[in-house]
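A.B. asks: Sequence:
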Amino acid sequence: MDEIKERRDLRAGKVTPLACAGSLQQAAEQGRIEAFVAVVKLADGSIQTVWSHIQNTEALGLLECGKDDVMIQMREGERMD
854 MDEIKERRDL
864 RAGKVTPLAC
874 AGSLQQAAEQ
884 GRIEAFVAVV
894 KLADGSIQTV
904 WSHIQNTEAL
914 GLLECGKDDV
924 MIQMREGERM
934 D
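Each position in the sequence shown, counted from 1, maps to that position plus 853 in my numbering.
Source of the hints: derived by calculation from the structure; they are not laboratory data.
Keep in mind the model is a prediction, meaning the values are calculated, not measured.
Treat the hints with caution; some may be incorrect.
As a list, the in silico PhoX-like pairs of lysine-lysine whose alpha-carbon atoms are at most 20 Å apart [as the list claims (entries may be wrong)]:
hint : residue 1 : residue 2
1    : Lys858    : Lys894
2    : Lys920    : Lys894
3    : Lys867    : Lys894
Construct the complete structure from the given sequences, taking the supplied hints into account.
C.D. replies: Here it is as structure tokens:
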């Protein structure tokens with residue numbers, strides 16, 4: 854991990870993978886997370902999906918919720934332009 858790049862990105866207001874992982878870990882340690890699904894793009898360009906102890910159908914449902922959230926944010930961003 855490039856610590857200088859991480860600090861530079863954080864100062865620029867970017868949400869870094871490390872910051873996301875830290876936030877997720879903190880929430881899990883506080884007992885605020887019941888289950889999770891994550892989709893990541895690895896450095897080699899491949900995509901990996903992981904999820905906790907939930908059933909596959911629930912993981913699909915969470916992914917759909919995530920897709921909806923992204924689309925809502927995209928629409929809100931378009932309205933601000």
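A.B. asks: Look at each hint and say if it fits the structure.
C.D. replies: Now the hints, each set against the structure:
1. Lys858 x Lys894: holds (18 Å)
2. Lys920 x Lys894: holds (16 Å)
3. Lys867 x Lys894: Holds, because 17 Å separates the two Cα atoms, which is no more than 20 Å.
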